[in-house]
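There are 4 protein chains.
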Amino acid sequence: MIKVGIVGGTGYTGVELLRLLAQHPEAHVEIITSRSEEGVRISDMYPNLRGHYDQLQFSVPDAQKLGACDVVFFATPHGVAHAMAAELLATGTRIIDLSADFRLRDAEEWSEWYGQPHGAPELLGQAVYGLPEVNREAIRSAQLIAVPGCYPTATQLGFIPLLEAGLADASRLIADCKSGVSGAGRGASVGALLGESSENMKAYTVKGHRHLPEITQGLRLAAGGPVGLTFVPHLTPMIRGIHATLYATVTDRSVDLQKLFADRYANEPFVDVMPVGSHPETRSVRGANVCRLAVHRPQGGDLVVVLSVIDNLVKGASGQAVQNMNIAMGLEETLGLSHPALMP
Amino acid sequence: MIKVGIVGGTGYTGVELLRLLAQHPEAHVEIITSRSEEGVRISDMYPNLRGHYDQLQFSVPDAQKLGACDVVFFATPHGVAHAMAAELLATGTRIIDLSADFRLRDAEEWSEWYGQPHGAPELLGQAVYGLPEVNREAIRSAQLIAVPGCYPTATQLGFIPLLEAGLADASRLIADCKSGVSGAGRGASVGALLGESSENMKAYTVKGHRHLPEITQGLRLAAGGPVGLTFVPHLTPMIRGIHATLYATVTDRSVDLQKLFADRYANEPFVDVMPVGSHPETRSVRGANVCRLAVHRPQGGDLVVVLSVIDNLVKGASGQAVQNMNIAMGLEETLGLSHPALMP
Amino acid sequence: MIKVGIVGGTGYTGVELLRLLAQHPEAHVEIITSRSEEGVRISDMYPNLRGHYDQLQFSVPDAQKLGACDVVFFATPHGVAHAMAAELLATGTRIIDLSADFRLRDAEEWSEWYGQPHGAPELLGQAVYGLPEVNREAIRSAQLIAVPGCYPTATQLGFIPLLEAGLADASRLIADCKSGVSGAGRGASVGALLGESSENMKAYTVKGHRHLPEITQGLRLAAGGPVGLTFVPHLTPMIRGIHATLYATVTDRSVDLQKLFADRYANEPFVDVMPVGSHPETRSVRGANVCRLAVHRPQGGDLVVVLSVIDNLVKGASGQAVQNMNIAMGLEETLGLSHPALMP
Amino acid sequence: MIKVGIVGGTGYTGVELLRLLAQHPEAHVEIITSRSEEGVRISDMYPNLRGHYDQLQFSVPDAQKLGACDVVFFATPHGVAHAMAAELLATGTRIIDLSADFRLRDAEEWSEWYGQPHGAPELLGQAVYGLPEVNREAIRSAQLIAVPGCYPTATQLGFIPLLEAGLADASRLIADCKSGVSGAGRGASVGALLGESSENMKAYTVKGHRHLPEITQGLRLAAGGPVGLTFVPHLTPMIRGIHATLYATVTDRSVDLQKLFADRYANEPFVDVMPVGSHPETRSVRGANVCRLAVHRPQGGDLVVVLSVIDNLVKGASGQAVQNMNIAMGLEETLGLSHPALMP
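Residue numbers (UniProt numbering), protein chains in the order written: chain A, 1 to 344; chain B, 1 to 344; chain C, 1 to 344; chain D, 1 to 344.
If you are wondering where the hints come from, they were derived from the structure by calculation, not from laboratory data.
In this text, a Cβ means the ideal position worked out from N, Cα and C, and glycines have one as well.
Errors might be hidden in some of the hints.
[Unchecked claim] Calculated pairs, BS3-like style, for lysine-lysine (alpha carbon to alpha carbon, straight line, at most 25 Å):
1) C:Lys207 <-> B:Lys259
2) A:Lys3 <-> A:Lys65
3) B:Lys3 <-> B:Lys65
4) C:Lys207 <-> C:Lys259
5) A:Lys207 <-> D:Lys259
6) D:Lys3 <-> D:Lys65
7) D:Lys207 <-> A:Lys259
8) B:Lys207 <-> C:Lys259
[To be verified] A partial selection of chain D residues facing chain A, derived with a Cβ cut-off under 10 Å:
9) Gly180
10) Phe231
11) Gly241
12) Ala294
13) Gly301
[As the list claims (entries may be wrong)] Now the stretches of chain A that chain C is said to cover, found in silico as 3 or more residues with beta-carbon under 8 Å:
14) 194-205
15) 236-247
I would like the entire structure built from these sequences, with the hints used as guidance.
See below:
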């Protein structure tokens, strides 16, 4: 049984980790930390977990106790993993960080987008970007894993078959993404009130969202060269789900795109290439660790439209984190992650 | 491995059965029937099930094949189980009927409320009302189980501690119930369109809803005598969930109601009596086979307010059906039903 | 043209006042105050008002400038009107207070429920409770009007025909009320996030909500004696709307309740008694200053069920405030308030 | 007072016409037709209209009576206006058609997309496309006006400043559009149930939506030559609203796009060009006849992102129809259309 610690478990990715790990046959949550909620039972904060974690309480983070775990998840705001990672890694435990702290390879770029100095640039060399469909082998032996963001997961999985095959004009990619409100986290904010965000659609941060450099970094690797991406995120009146609508110009109209995608993901347990003509729905992945994709070329032109849906809290965060844990700990990759989505 | 057949699997209770049974370690769905969708793969109709039932197709109901199953669930409109039950029972299989066909003990009363003759009054003698918290022993040996309705489950579980203890004035009970829209089923109807039912609350069928006689029948048994119940259902702009707000006048203010409820359900795996002062939320049971209860006596008066929440498709339908299957087949009662609710 | 000032216009009742007054042919908003938003144009905060109030900015409250208005609305948290009312009244202007500050006749009771001393008990004598259907004559000459709360409006309008006629057992009234989330205001709070309150139903403050004494005070006047009320508010996943489901025991089953209600409100422009058997929907009053009512007596028993719906921000707040202004200023009562509800 | 007839008033555009015309000072609805609802009072079908149209009933369409009206709106499925237009036009009345029947100039193209022969090609010569921001002069004297579709309105208003100025590469335009569910109409359908479309996002008809040729036709006129457009519509879990996110490549990065848009719409009462950096929200136009626009050029590249929001039932249908009536009848263009949006 794998001993699990969770740092910062009061947000949505924290409770989702707990939900998923409650069903995991080989993992047990030993510690969950929160400075502000010390002593509170997690089942009091999250009544859906009553009957599952009735003894577990939030405690103040303690590097020694966390170090005794086999795996420590960080479900924290950015900067926290920077501050604690080195000490924890020294204990020999593995870190699976759901925050943005170790996603970007370039500390300066990180610093520009997050508005503060990078707190642990010396660890970047060992950090592995935890997108199993790209980095599975590196994840197996990684001690520090940076779980991809939600938009980056949906967008990269949709674009990389085209880019790896050299089939798209990498200089003009567009990702028009729609997210449920849980992506903004559980912090109190006026904009995320039901009174403000229900019955409403809007774009936000069109001039530049923090996930832009992360996505670009991943696409650059897939393309083997520079990419130009326009990324427009939108807020959608639902709790969970990301729908990425991706646009790319193909350089060869004769290619069988359906086959390209199907082949690329043939052995991926959590990527589902849907039949020709499909329109994946976000609800078809609600609560499940799956990315469903469909590829279209409307009116037979050279513009390809890829539709990519995930649950932002599962394949876009906590589910992917557990998938990384399974890989890194040598378990069956799908362990604890094989339940169907909740629909309706 | 238990062989399962499902009659009429195209509606919400059908797909929910499939979702739950996909995670059940001791059951396997062999047959699922639908006349209108014959030959359609269920994963084409329900993309959340892709990867789980990729070969299973809807077939025309065939009593012989169904009879070869250990358990046959009916997830059908009323009347269908009436027509098929006798033939199936003769094969020796068990029937777990999610429809209303065998819930009422009195065929005439059934006929009045459902507007057609009862199709199988001769089977009423062997039908067992599948509310495990009341009828567990009878369920163990039942061959024909009538799964309670959603409102009746939430309402009975909330009232029966009071009634069994003789503590409430049984002549003036009120159940003010709020349901998500999935309770109306998956049939196309103007009233259940998002354009009509979102951003809206309304009561309906105040003059008399079909669940009224079912609830009354159960409360009568608990009270050991006649009861007077006013039941007002409301449509709420959400997909899943029932919130029953129950009002009863207690005849003795000195009783410790919290203890009464806690004791009544102390050994029930799927009834959660929450701490004093709690307000259970429907989302805390979304997707889970749990009823959460809280009991209040506002301003120290003699009016008791019980708050009772379930997921109408799980503890109010398909989850309870699987719970019945587990009991009737001699399995661990919680098998396949122990995952936490999806929250947020 | 009536000169209008608004104190505290950044919340939902403030923007709703602005929306309604933009269409009012005889009123003009001269001043709107907010300490925190000084200098911000209201159309920058509320883009729906672009093109309507393009010059108006939030300013710091100034008693002299406010005093130069004919009417000053308070759309503030409780306590603010207490602090400013005396000085303003001395200028001769009228105050229409949407907060709870002057709703309760009894300063001590106010203090108990609001957890602070009453700030202006000496003004209670001149404060008029602004429910036009009860107090129209007093409103005409009032200088200080306390606009009823949202739950109190829906609940009182539903109960008073029964109580005024002496037809209900006043000792056991029940108000089971469901409210949209905007009733909680525009302040950032975790509980009102879409991620927390969408796809969810829950009761809250069952042990006692601040509107309870306000409702009881009004019902006592209608009944001409003491009343016993159990009031259970619920949070519903929608932005606007209150649905009050009211339960009372009638002492005489022979009375024509439909006629009783129709007669009581025959001359009321903003109370709509719907036909026998109706189920009013909250969306049928969205954005409109209307209370729609239906009265039922299920199964011919002695329990009466009254269904009462309003838009909490209109007839439950800002619309009723404008109605009070019209009455107090000698205008046509329906001026600026006669548009239909937005449906769908 | 203008006499108004409405053919086919049972759908969402019909009830929205009634809502808007109830507030119009110079128009009176004389007739509203529906074969299926003959004799039903519209306030019984649409309780939000109680108190506004209490006598008006649906009647069977009668060309003579309709011909006695000054204006006849068609709020019908496609094909109906084809069948009735010639006879009505002969009476001298004006037709304002909200359906797609006369939007396309090319009868054959219409026939291809709508799957049936064009029913009145001989009238196309006199039909005027009712987008006032483009065709105001022609509308003044038109007898047959084709009101633009919802997607076409949002999309054309966003693209035409760029195309008219010759600033965009017209061969690769992208319109990623998100619509509320009311756009699908009020017909009963499984896909539009709250249980299916709430908490969900999906694209649909990526291979080709009927609004594509209409949009292309309008953009061609603006560009003065051929255009290539990829149009991907999405279904969003809300009732009202369209959010069009438009992508175009500019040929000259030095142009002041904000000024371009502001100048183009400087005199347009119903197009609001928002300040630099804005993100218009659909709720800011809910119930109002306004299109709000913002223009972005992310990261200073050559890809322009235009954000365009309307209420699909108002500026995207019934409001625009009334705007056309005002123009065609020589009234003030904003008459009856100047109320602010409902927010929250």
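Taking the hints in turn, this is what the structure says about them:
no., hint, verdict
1, C:Lys207 <-> B:Lys259, "holds (18 Å)"
2, A:Lys3 <-> A:Lys65, "holds (11 Å)"
3, B:Lys3 <-> B:Lys65, "holds (11 Å)"
4, C:Lys207 <-> C:Lys259, "violated (35 Å)"
5, A:Lys207 <-> D:Lys259, "holds (18 Å)"
6, D:Lys3 <-> D:Lys65, "holds (11 Å)"
7, D:Lys207 <-> A:Lys259, "holds (18 Å)"
8, B:Lys207 <-> C:Lys259, "holds (18 Å)"
9, Gly180, "holds (8 Å)"
10, Phe231, "holds (8 Å)"
11, Gly241, "holds (6 Å)"
12, Ala294, "holds (8 Å)"
13, Gly301, "holds (7 Å)"
14, 194-205, "holds (count 6)"
15, 236-247, "holds (count 3)"
The structure shown violates just one earlier hint, number 4.
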